[in-house]
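S.K.: Listed in order, the protein sequences are those of chains P and L. Residue numbering for the first sequence follows the UniProt record's numbering, beginning at 1 and increasing consecutively. Residue numbering for the second sequence follows the UniProt record's numbering, beginning at 1 and increasing consecutively.
If you're looking for bench data, these hints aren't it; they were derived computationally from the structure. Fair warning: there could be bad hints in the mix.
Listed below are several chain P residues computed to face chain L (Cβ distance under 10 Å; list not exhaustive) [to be verified]: (1) G127; (2) T212; (3) A215; (4) Q337; (5) G455; (6) H716; (7) D735.
The following residues of chain L were derived to be distant from chain P, with all beta-carbon distances above 12 Å [as the list claims (entries may be wrong)]: (8) I266; (9) A278; (10) M282; (11) P421; (12) A521; (13) T753.
A quick note: this is a predicted structure, and the numbers were derived from the prediction, not measured. Beta carbons: idealized from backbone N, C-alpha and C, even for Gly.
Residue strings, one per chain:
Number of protein chains: 2
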Amino acid sequence: MPTTHSSTDRIRAIDAWWRAANYLTVGQIYLLDDPLLERPLEPSDIKPRLLGHWGTSPALNLVYAHLNAVISETGRDVLYICGPGHGGPAMNANAWLEGTWNELYPDITPDTAGLQRFFRQFSFPGGIPSHAAPQTPGSINEGGELGYSLAHAYGAALDNPDLVVACVVGDGEAETGPLSASWQAHTFLDPVSDGAVLPILNLNGWKIANPTVLARIPDEDLQAYFRGLGYEPIVVDSGRVDHDPFAVHALFDGALRRALATIDDIQAAARAQAARAAAGEMAGAADLRPRWPMIVLRTPKGWTGPKVVDGQQVEGTFRAHQVPLPNVREDEGHRRQLEEWMRSYRPEELFDEDARPIGILDTIRPTGDTRMSASPHANGGRIRTALDRPGLERFGVPVGEPASATGTLGPWMAELIQRNPENFRLFGPDETISNKLDAVFDVTNRVWRARRAEGDEHMAARGRVIEVLSEHLLEGMLEGYVLSGRHGVFNTYEAFAHIVDSMVGQYAKWLESATDIDWRAPVSNLTILLSSHVWRQDHNGFSHQDPGFLDVVASKQQDLVRIKLPADANTLLAVAAHAMETTDRIEVIVAGKHPEPVFLSLEDAVAHADAGVGTWDWAGTEQQVGRVDVVLVSAGDVPTVETVAAADIIRKHAPDVGVRVVNVVDLLSIGDPRKHEHPISDERYDEVFLPGTPAVFAFHGYPTLVHQLTYRRHGHDDLHVHGFLEQGTTTSPFDMLIRNEMDRYALAHDALTRVADGSDRFADLLTALTDARTAARTFAYTNGEDHEAVSGWEFTGWPQDEPSDGGTGGDPGRGETEGAAPGA
Amino acid sequence: MPTTHSSTDRIRAIDAWWRAANYLTVGQIYLLDDPLLERPLEPSDIKPRLLGHWGTSPALNLVYAHLNAVISETGRDVLYICGPGHGGPAMNANAWLEGTWNELYPDITPDTAGLQRFFRQFSFPGGIPSHAAPQTPGSINEGGELGYSLAHAYGAALDNPDLVVACVVGDGEAETGPLSASWQAHTFLDPVSDGAVLPILNLNGWKIANPTVLARIPDEDLQAYFRGLGYEPIVVDSGRVDHDPFAVHALFDGALRRALATIDDIQAAARAQAARAAAGEMAGAADLRPRWPMIVLRTPKGWTGPKVVDGQQVEGTFRAHQVPLPNVREDEGHRRQLEEWMRSYRPEELFDEDARPIGILDTIRPTGDTRMSASPHANGGRIRTALDRPGLERFGVPVGEPASATGTLGPWMAELIQRNPENFRLFGPDETISNKLDAVFDVTNRVWRARRAEGDEHMAARGRVIEVLSEHLLEGMLEGYVLSGRHGVFNTYEAFAHIVDSMVGQYAKWLESATDIDWRAPVSNLTILLSSHVWRQDHNGFSHQDPGFLDVVASKQQDLVRIKLPADANTLLAVAAHAMETTDRIEVIVAGKHPEPVFLSLEDAVAHADAGVGTWDWAGTEQQVGRVDVVLVSAGDVPTVETVAAADIIRKHAPDVGVRVVNVVDLLSIGDPRKHEHPISDERYDEVFLPGTPAVFAFHGYPTLVHQLTYRRHGHDDLHVHGFLEQGTTTSPFDMLIRNEMDRYALAHDALTRVADGSDRFADLLTALTDARTAARTFAYTNGEDHEAVSGWEFTGWPQDEPSDGGTGGDPGRGETEGAAPGA
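Can you make the complete structure from the sequences, with help from the hints?
M.R.: In structure tokens:
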């Protein structure tokens with residue numbers, strides 16, 4: 001490793017950087033004015049509300065300074081993930097020292113006035129947040145909700161073979177479940193084609209008011225824990241050298257260099273072996289589980305801050321968590337203590353009179369994109385390239401024959417993976433096969449860096465599929481992968497998407513902020529494919545039946561999210577391909593894995609998906625009857641099967657009733673166009689839904705979501721929504737529909753009741769429909785399975801001989817459509 | 001430890017139990033009839049849909065058999081938590097062997113016909129779920145969503161000093177975040193007054209299609225991992241003895257006895273020392289971190305099942321996960337293989353001709369409540385005793401003076417803890433103090449079984465408060481504590497309640513099922529107190545601003561949940577005390593921690609909370625004006641402050657406008673009384689909300705929730721809801737309100753605009769209100785803080801001199817009410 005100056009000089013420069021960053025951190029928390037302390041601090045120089053977090057910041061600054069020393073010497077590509085997100089002011093401070101603030105924010109000029117504005121804006125109304133956030137240059141980890149730093153780090157390291165992601169994990173965060181699970185992520189990291197993650201656990205010992213578990217267990221246990229997790233822990237304990245900064249710098253410098261050298265060794269060995277194997281030469285077995293380094297950095301909380309305030313110990317205790325001197329504006333003693341504290345960093349050695357960082361700091365300041373605060377990996381849209389997407393033509397399935405939606409998507413996704421071997425990943429909790437995406441294993445494997453054994457299938461030291469039973473880790477890795485400029489899909493069981501509610505919510509907040517920041521370039525969508533959904537749980541019961549993730553997603557800023565409910569396999573192809581193209585959204589797609597009818601040709605499916613909502617004339621009787629008495633709407637695959645079957649029942653048994661069938665693919669398109677950009681216009685809505693006409697809506701999820709979305713639409717009182725009523729268990733598919741009043745008989749019954757409008761016009765038919773439900777249920781309870789031909793209600797096929805007007809729904813099946821009844 | 005028969009006899013009995021349980025497990029998955037194989041199996045004896053999970057079951061049965069041997073010998077109190085929830089049929093099987101099914105379910109008679117019904121009901125329409133579920137005797141852990149078994153186990157062990165909770169953790173579950181964090185839970189377990197948890201990690205090696213991480217890392221790492229987590233792992237590997245059952249039994253028998261002896265030693269030492277300390281005798285320092293035992297049990301997945309099916313290895317692979325022989329009804333070969341498999345357990349040695357378990361099984365069958373399937377700890381309502389609740393009188397605060405709501409609750413909760421020293425726990429992620437409940441530390445401490453250090457506050461080897469930065473672990477421990485018959489509160493930051501969305505959703509499902517099961521006695525509420533809410537984030541920003549947990553809760557069966565939004569400190573006392581009394585609900589309470597106005601006397605607050613919704617005549621002008629032109633509704637503390645202030649503005653500046661002020665405490669009381677039992681009647685709703693009159697509703701959360709709840713109420717189109725619009729950052733409190741259009745000026749503006757109804761009646765006033773908003777914002781952006789007296793709009797105090805009609809809201813402040821403006 002080349003050194004450009006002596007070890008002592010290097011340590012001096014690191015210490016100067018550290019002091020400068022600490023100074024700038026404190027300044028942000030406290031100062032409205034006098035940023036260089038050119039005069040004694042007055043009350044008016046102090047912010048009226050002191051908001052921010054000092055405690056974690058000095059350690060974050062220390063790590064930053066040391067990484068800069070390495071980067072400036074070696075040109076290494078390093079990304080900094082700041083787990084202790086309360087260290088927002090620290091991350092800001094380092095970015096300011098690197099000049100990034102000046103470049104990205106015109107009002108933060110590189111002078112004293114700019115520094116004053118830089119201080120003032122922090123945690124100030126109209127300013128920037130107190131945490132590391134989208135506004136923070138170099139950040140891809142929002143610092144509010146803790147637990148995801150390491151998952152983000154591993155996601156960013158994938159397919160970036162020359163990148164080291166330094167991830168500072170706070171000892172508070174380390175208590176969370178998601179973080180605890182994330183340590184195992186190296187099981188999915190390939191030292192040949194991926195970069196490395198260097199976790200740095202900062203044990204400052206305290207949360208807001210409590211000590212932390214990992215800081216209080218015996219050293220022996222701490223080291224055993226990380227060895228058990230597959231790491232080689234390198235411990236730097238400032239207490240061993242009485243917290244002498246230079247001694248700590250020397251220790252940390254050594255630890256960091258040793259860690260990086262170990263990373264280099266692991267990668268060099270793996271890559272040399274891979275090269276030999278690629279050249280056809282003999283090579284020994286790969287080291288499947290290299291022991292990656294990690295650093296344990298034990299430092300006092302709020303190190304270098306006020307030791308004692310008003311007689312109470314602050315440095316090294318929980319009292320250093322936020323603002324160590326609370327009454328600086330009012331209390332002159334506190335104000336003097338603040339000034340002493342800030343002057344202890346010797347700003348005069350660090351900044352010239354125009355507030356420009358001086359001399360010594362330059363020696364370890366990286367330049368251009370090697371500055372961690374300017375890393376393109378932290379502004380992934382800058383380096384993102386579009387996917388090479390296969391055309392859909394070869395993957396569409398014929399209308400009429402039942403097809404598995406996800407099973408149809410699988411081959412397309414396999415080709416997507418083949419065409420984008422370094423740019424796309426599929427994440428899932430052991431469900432790729434069970435969700436019927438197994439075609440991807442024709443072209444790739446699950447990456448698995450642990451022991452392999454006889455009987456393993458589709459496991460290899462390298463692969464584009466990551467499977468682990470932690471939805472948190474998967475979602476976090478996908479976020480890290482996408483934010484650093486790549487593409488991916490997280491597929492999971494619908495019910496268990498709730499596990500990542502909070503992560504997706506925080507990601508929505510990230511997007512909500514990031515899309516308002518002009519220097520942040522658009523990133524790929526966060527695409528979540530939900531299968532094994534509420535209506536088709538076979539081996540599983542009530543716990544697996546929950547469509548409520550859609551409600552959580554819909555509560556976010558709706559222009560940043562999409563909810564797609566493709567009714568069949570071809571429509572899934574259309575919406576999935578679309579999700580792989582657009583940017584800066586959360587795309588949630590719900591699709592079944594069981595064979596279900598295919599209603600639309602691929603061409604029609606693409607048009608229908610583009611329109612978002614469409615009328616399926618072939619399924620209704622509007623044209624024959626010459627008017628619409630009732631609108632049957634559906635959203636979701638199983639609800640659509642039941643809706644089309646209900647329309648068929650009405651056609652056959654009440655042929656004078658005019659039925660319109662409407663299908664909604666893009667759920668949020670029926671939302672409020674006054675509040676959001678995406679929904680269809682009121683005119684279009686009225687054309688399709690015919691306010692004033694009763695509408696029976698069979699919805700995939702909780703009915704309340706439709707009510708919520710259509711609240712300001714005309715005629716929403718005419719919308720009668722069926723959906724999941726929280727009635728579930730391990731039972732037959734048709735019994736699930738009956739329990740939730742979404743079976744074809746219930747839909748037809750509801751529709752005809754509304755058309756009858758109090759008359760006894762359909763009395764016999766309504767009785768017969770009720771009997772049919774009872775018969776279907778009795779059959780299932782007696783025989784343990786559904787029967788597609790409940791006596792008297794044999795299903796004879798989807799309507800197919802009627803004229804079509806070429807609506808967005810297009811033409812129905814022109815082939816064999818019999819036997820496609822659900823529950824078969 | 002007394003032994004009643006020789007070691008070999010014991011092993012024989014264990015093996016017989018194991019075989020019997022395995023037989024009954026297989027029978028549930030496959031058989032419709034011929035439960036004792038009295039004739040060759042015919043297709044009609046086989047279920048048409050084969051649904052269930054074999055793979056994990058044999059190990060669950062093995063552990064159950066061994067625990068029974070110990071219980072029957074020693075009378076030990078043991079609770080079995082089954083982490084691999086897919087092992088539902090195994091848990092059912094053991095309960096059947098113990099006779100519990102016969103006792104609890106009259107149709108499961110103790111004969112062949114009952115056994116046939118027992119088999120048939122499993123995963124059958126109209127029957128029972130495939131997972132361990134509320135229907136499963138002895139279960140408090142729903143087996144659908146994985147990750148919570150160990151947290152439930154630790155929750156159940158608290159304050160049950162004689163109980164051992166044996167918790168089988170699957171190696172799939174062990175990959176999840178919540179489970180990974182839960183290993184540290186012994187940090188909060190007191191060996192003197194709490195029971196013990198014995199984790200048994202079953203490494204069967206596979207999930208649905210993938211190997212598991214912990215099964216594939218080196219043994220050395222595995223052991224280091226658990227030692228690092230503070231355990232002494234005892235490994236039983238069936239492979240070491242070639243999977244010979246008797247040898248494995250002997251190994252596991254030894255491991256279990258050793259583990260239990262270690263638990264006894266730890267507890268005996270701690271208790272002896274505590275007794276000496278209590279007697280005032282000298283005692284050495286407590287062993288703060290005893291090394292608890294845990295067992296690693298490595299067995300083949302689907303052990304003793306079909307080895308090879310259709311030429312593919314099944315036993316010991318992922319193919320054993322669900323149904324190893326898939327085509328038994330259709331394929332005679334499979335059917336014969338099933339019969340051989342079932343006969344391999346030698347049922348003729350295990351059951352008499354009436355399907356009664358015979359001889360040898362009796363020797364290790366516990367009796368009465370010592371049967372794990374009949375454990376009162378798993379049906380906690382049976383042993384639950386009501387809390388001794390302090391009266392509220394001494395804790396109420398005077399009307400008028402600002403008070404912190406949670407700060408007012410704290411002393412009441414402290415006395416609650418004092419009065420119920422073994423029956424109530426407070427759980428939180430390091431927020432007890434920051435959420436202003438610190439009064440509890442006058443009477444108790446945080447329990448902390450790790451190193452203590454200078455500067456620690458309120459930490460002790462024993463205490464009623466558990467704090468750890470894992471919402472998952474806390475929520476899971478509370479669930480375990482409540483389901484085993486005790487009481488508790490989980491307090492957390494509002495935004496981060498989303499972290500446990502899925503857990504709360506699963507708990508709701510548990511309640512939804514459990515409340516339909518007559519033998520399950522009611523348990524205490526799961527009470528979640530959310531503070532540090534969306535409207536008052538000071539040190540934190542957008543990531544901490546999310547009221548959406550209410551939406552998640554409201555989507556559950558509403559009669560099982562309550563959402564309480566007390567407007568002031570006294571109302572919080574009322575709703576919190578109520579939550580500590582009722583049963584079988586999820587109670588969510590949102591309350592601020594900052595000083596806010598107190599509107600209601602304690603007496604009025606109790607009446608108001610009971611009513612759920614009430615009119616505050618003193619705050620409006622209905623009586624003076626003689627009519628209602630606009631209704632101002634609020635729900636939540638900050639929205640209520642703004643609403644009352646908006647009413648005050650109208651009173652002063654548009655005195656001829658009749659304003660009614662309505663406050664909603666019990667949010668779901670405005671829901672749909674046609675669907676749920678709890679909401680107020682339509683008549684009462686109409687009386688309060690006056691359909692036809694415009695209503696401006698200031699709501700704590702997302703406005704859509706109010707729209708959803710009132711969808712079927714009269715006049716819901718007249719309801720104009722203000723709430724959180726997903727606009728947030730680190731800013732001043734009043735700026736947060738302005739950003740989301742919920743400040744007093746915006747509310748007054750909206751109300752007057754609707755009263756004006758297109759006329760220019762209030763044109764000047766509306767302009768002035770808009771200017772006031774701008775002025776307030778400008779002040780904050782300029783000065784960094786809010787100002788209570790925006791020029792021209794000085795707030796002069798809550799209305800107090802008007803007559804009151806004694807509505808549920810009662811009389812307003814009779815004292816100094818000035819200076820109570822929010823944002824001050």
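S.K.: Each hint: holds or not?
M.R.: Here is how each hint holds up against the structure:
{"no.": "1", "hint": "G127", "verdict": "holds, 8 Å"}
{"no.": "2", "hint": "T212", "verdict": "holds, 8 Å"}
{"no.": "3", "hint": "A215", "verdict": "holds, 8 Å"}
{"no.": "4", "hint": "Q337", "verdict": "violated, 19 Å"}
{"no.": "5", "hint": "G455", "verdict": "holds, 5 Å"}
{"no.": "6", "hint": "H716", "verdict": "holds, 9 Å"}
{"no.": "7", "hint": "D735", "verdict": "holds, 5 Å"}
{"no.": "8", "hint": "I266", "verdict": "holds, 16 Å"}
{"no.": "9", "hint": "A278", "verdict": "holds, 26 Å"}
{"no.": "10", "hint": "M282", "verdict": "holds, 25 Å"}
{"no.": "11", "hint": "P421", "verdict": "holds, 22 Å"}
{"no.": "12", "hint": "A521", "verdict": "holds, 21 Å"}
{"no.": "13", "hint": "T753", "verdict": "holds, 16 Å"}
The structure fails to meet hint 4 from the earlier list, while all remaining hints are met.
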